[in-house]
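Q: Going line by line, the protein sequences match chains L and H. Note that the working numbering has the first sequence beginning at 1, numbered continuously upward. Note that the working numbering has the second sequence beginning at 1, numbered continuously upward.
If you're looking for bench data, these hints aren't it; they were derived computationally from the structure. Where a beta carbon is used, it is the ideal one built from N, C-alpha and C, also for glycine. You may find that some hints are simply not true.
Partial chain L-side listing against chain H, Cβ under 7 angstroms, derived [said to hold, decoys possible]:
| hint | residue |
| --- | --- |
| 1 | ASP428 |
| 2 | THR471 |
| 3 | SER487 |
| 4 | ILE490 |
| 5 | HIS553 |
DSS-like, lysine-lysine: derived pairs with alpha carbons at most 27 angstroms apart [to be verified]:
| hint | chain 1 | residue 1 | chain 2 | residue 2 |
| --- | --- | --- | --- | --- |
| 6 | L | LYS629 | H | LYS354 |
| 7 | H | LYS357 | L | LYS580 |
| 8 | L | LYS438 | H | LYS90 |
| 9 | H | LYS90 | L | LYS580 |
| 10 | H | LYS90 | L | LYS621 |
What follows is the residue order along each chain.
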Amino acid sequence: MDCYTANWNPLGDSAFYRKYELYSMDWDLKEELRDCLVAAAPYGGPIALLRNPWRKEKAASVRPVLEIYSASGMPLASLLWKSGPVVSLGWSAEEELLCVQEDGVVLVYGLHGDFRRHFSMGNEVLQNRVLDARIFHTEFGSGVAILTGAHRFTLSANVGDLKLRRMPEVPGLQSAPSCWTTLCQDRVAHILLAVGPDLYLLDHAACSSVTPPGLAPGVSSFLQMAVSFTYRHLALFTDTGYIWMGTTSLKEKLCEFNCNIRAPPKQMVWCSRPRSKERAVVVAWERRLMVVGDAPESIQYKQLTIQVLLDRLVLRRLYPLAIQICEYLRLPEVQGVSRILAHWACYKVQQKDVSDEDVARAINQKLGDTPGVSYSDIAARAYGCGRTELAIKLLEYEPRSGEQVPLLLKMKRSKLALSKAIESGDTDLVFTVLLHLKNELNRGDFFMTLRNQPMALSLYRQFCKYQELETLKDLYNQDDNHQELGSFHIRASYAAEERIEGRVAALQTAADAFYKAKNEFAAKATEDQMRLLRLQRRLEDELGGRFLDLSLHDTVTTLILGGHNKRAEQLARDFRIPDKRLWWLKLTALADLEDWEELEKFSKSKKSPIGYLPFVEICMKQHNKYEAKKYTSRVGPEQKVKALLLVGDVAQAADVAIEHRNEAELSLVLSHCTGATDGATADKIQRARAQAQKK
Amino acid sequence: MAFPHRPDAPELPDFSMLKRLARDQLIYLLEQLPGKKDLFIEADLMSPLDRIANVSILKQHEVDKLYKVESKPAVSSSEQLCFLVRPRIKNMRYIANLVNADKLAGRTRKYKVIFSPQKFYACEMVLEEEGIYGDVSCDEWAFSLLPLDVDLLSMELPEFFRDYFLEGDQRWINTVAQALHLLSTLYGPFPNCYGIGRCAKMSYELWRKLEDEEDGETKGRRPEIGHIFLLDRDMDFVTALCSQVVYEGLVDDTFRIKCGSVDFGPEVTSSDKSLKVLLNAEDKVFNEIRNEHFSNVFGFLSQKARNLQAQYDRRRGMDIKQMKNFVSQELKGLKQEHRLLSLHIGACESIMKKKTKQDFQELIKTEHALLEGFNIRESTSYIEEHIDRQVSPIESLRLMCLLSITENGLIPKDYRSLKTQYLQSYGPEHLLTFSNLRRAGLLTEQAPGDTLTAVESKVSKLVTDKAAGKITDAFSSLAKRSNFRAISKKLNLIPRVDGEYDLKVPRDMAYVFSGAYVPLSCRIIEQVLERRSWQGLDEVVRLLNCSELAFTDMTREDKASSESLRLILVVFLGGCTFSEISALRFLGREKGYRFIFLTTAVTNSARLMEAMSEVKA
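Bound conformation, chain L alone:
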């Protein structure tokens, strides 16, 4: 039986420790690590080594080598460094390697040594060179902080969304700070730096001097500082061999320790076991390691979620393993398998040696209609690799046509984008594409494209109607749509023009368009309108009063009401007003004037084309029974009953109805027998009915 405690050694009075090797590194390093720039990614991620950085004793002609290993030392990539001198290396949260050059340019590489992009930290950095640089992690990404030769700090809190911030000056800073670090509090990145016995905190706006609570006296300089991964804790190592540990806010001290070693440590880091509440700082010198700890931590963190784990596997192209994990954990497809397949597809489109057809087919076979897979995302990746044709093929598999549109636009396939947008039924999307097309194509081509897409055309017309009237006209012109062009000019004659000449000119254009459209009716009607307008203007000049924009009917009525009968008749002849209308018109106007004499004369001028019932009606409307009665005798037999009822002569109406032997008329009269004196009439009708039935 083994003795489990055999390899545990006492540490002080109440603690024990043991030391054992977890695994051995597979790498085969030719040079010592001390000669390399080293960066290890968090969560057991990859390790990057840049050998042979620009040390003075080596010849400048020897190019350094950048090597990337897995956490266990498996080589992942190796490449000759061809760019400028590198000051610092670091991994982003997405496992991208950031290499900060002396000139402030940051080069970004993938896990497999593939170059991704580069960006610059700005002019000030370029001019003063990079003295020191740190890559740090915040909740919204990874940042870069730079200390320049002018002892100024520049930082970007998220390299994914690069916004450079130049930090304020530290007053009286003549040389580089003895140590510094980035902090992240309340979602804002700060810099803490030590100058002699003083500590300064830099934020965007100001530089403030800070003092850790309960700091032992006699400190003349800080040699090292370390911040915990969560930015909650801070450790300071002073030239007196004293370690202060507390919160980053510098409001609380957790513990202090005097190790009596005054030599500056090589490294100082916070560490703790996962799920442990114990927090500790490890301090390393050349041949000594010290663990200082106490702080009970109440909040636990589980930083590396299953999603991140899967991302890491995907990044290492271990797709089958990732899928197995998803299946084992029964993750919902959208979060699990689909996502990994989509990543696989994005990798697949980068295989340049496989033809577009084969790649597209392979992807579709594997992905099918898996929910949560966005073919447009994969296509976007293909386009990013310069494979436009493949991208279009992949987009064909995208079931939501709306999703295809943005990429198609990016690839300058605007016409295809337009059809897809129309298919999606989303008019806003159609409109977006239209504006793209409008800028991209010349006017003629743009209009041609619209012409083939009626849905888009209607949408654009609607917009033009309110916002770009001239374009609307051009659209109709292009289409030879003379009918609409005519309507357009008619509208213009109302809206735009005040003067009669202008209005008539607009109407003339409209009439011409209607002729071209072979719409003779509209053309003639428009010409009539022009004539009427001119005439109305003349009437206003000669007679005064308002005539403009009255209908023809109302113009004639106004003339009659004004006593201009001759003019009225002239107008009626000129515009060929049909007899029936003219009779209605005159009858109504004369009754309105209560010019009964003229009315009677008019009724006798010739045989009325509308009969004489209207005369009875209109007089009754003016409550003139006397005049109304004059016309009842002239009403034709078919309408006689009605006329007599109108003037209230129920008895005579009954006689006529009986004479006509018309059942409908009889009941009509009967329904009017409501007065006290109508009793006899009602009886008469009933008798007539009975008689009719006998026969």
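Model the placement of chain H on the given structure of chain L, informed by the hints.
A: For chain H alone, kept in the frame of chain L given last:
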């Protein structure tokens, strides 16, 4: 009177939830602009808003003054301005003018635009063009369904009709799809879907897409509403063009019901004041007469008045205790009923007066002749006289359209002469109105000869939905032939009646048009529901020149209770009339269904005609 529902008729879902949702969202949006603010409201939104949140609720959320968005700019001294508008370009201009004037005066304020029911990209673009996009914040108030009554949901989008059916603008279809999506999230999925018309199909497809994208949310839910029926207004213009004679429709035709309420003028209230009256199921008197043929209403009301009097008269023999009881318990109810009764009696009198003046009987006779297709010459002269006498521009136009649709277009001679007469009577600007009516298929010229018909029927067979978009205007107006006569025969829309049609005891839906005509839209719904498919209606569908759709989800249907399978949501795209609502309510009572109506707006013949009319700018 007021036929009760069958005892097994399903209960209606509670739609008041929609109001609460809309209110909460509006409050949330108002709170996004903390502090005192002035609210500018578009006129069209005022009544709907009033049904959701009254002034005191607005004040509670720090709305200080209210302004109407109109042509002249309002002078507000507030530091924060909030605009509640429909997504229209002219509103954007109004806002831009206001903001730019502030800029000129060197004044800085906060501006927020709330679009209802959604914003459109074109609007944002105008804001950008006017240079104020950065100065305003935009939000959406997704308020698309207003419950006007227990069974009536309105989107309050009257412009849907003109935008889609005249201008071919499809932007509101997305709004419809969103509204349907909201309903299915709240009230469970619909196991059976039917539809007819292009717009119905597009709305359906867009809605399905939305459901698929959020798969799983409604999957497990029990359906509350068994069927949904989507219907394009343009497949039945005839019904919407007829004069309404059912009480609610007649009130709408005469006084215009706006957003569920009506303004009764002094001639109705018999006082010197107008009165705004909410017309819905809560008005007990109205609820009993709303679906009745007008000829019954007066008699019913006077009977009711006599009963009421008898109730009052009971007081006479009462001792003090009984009297106390009567006053505290019954009097208030009686007084309320009394008030409503006298209002509706007043409304009836006013309607009668107006109708006798314009010779309503003659008008109805002409309409019936047009529907049945006899005495066309006589009807045409009647219309001509109507125009010559300048009776009413909207009425004349309506009759012309009714003639055109029932006759498959006017014969060329009449087409020209009626239009000429119309222009002479009502003004030359209506040339544009005629162009609109032709485009919408409401007033067309008969195609000469039958040769064209053969081509057309070929074309209509070729016209699949995707291709339909590609045919030009001219061609599609050819395809818009109504074929009303043939459809009417196929569907038996003109009931054969021996003797008088008893309007007191209706036997079919034709009672809403005095027994002369069964509304086409309602008949189609009846037929499809009976068959649970379009089977056997192929010929009708072909004549309608529409494409139909039917979809049944068996897994969902299995989950649905027998009650929910008798609940039917009818969606009218482009508006529905009160006559149609009454007809379907009648059908529901006969067959044990309950209908729920969703319409883009309540419409009638005058509104349809006005939507097509061009007025001088």
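Q: So, against the hints stated earlier in the document, which numbers end up violated here?
A: 2, 9 and 10
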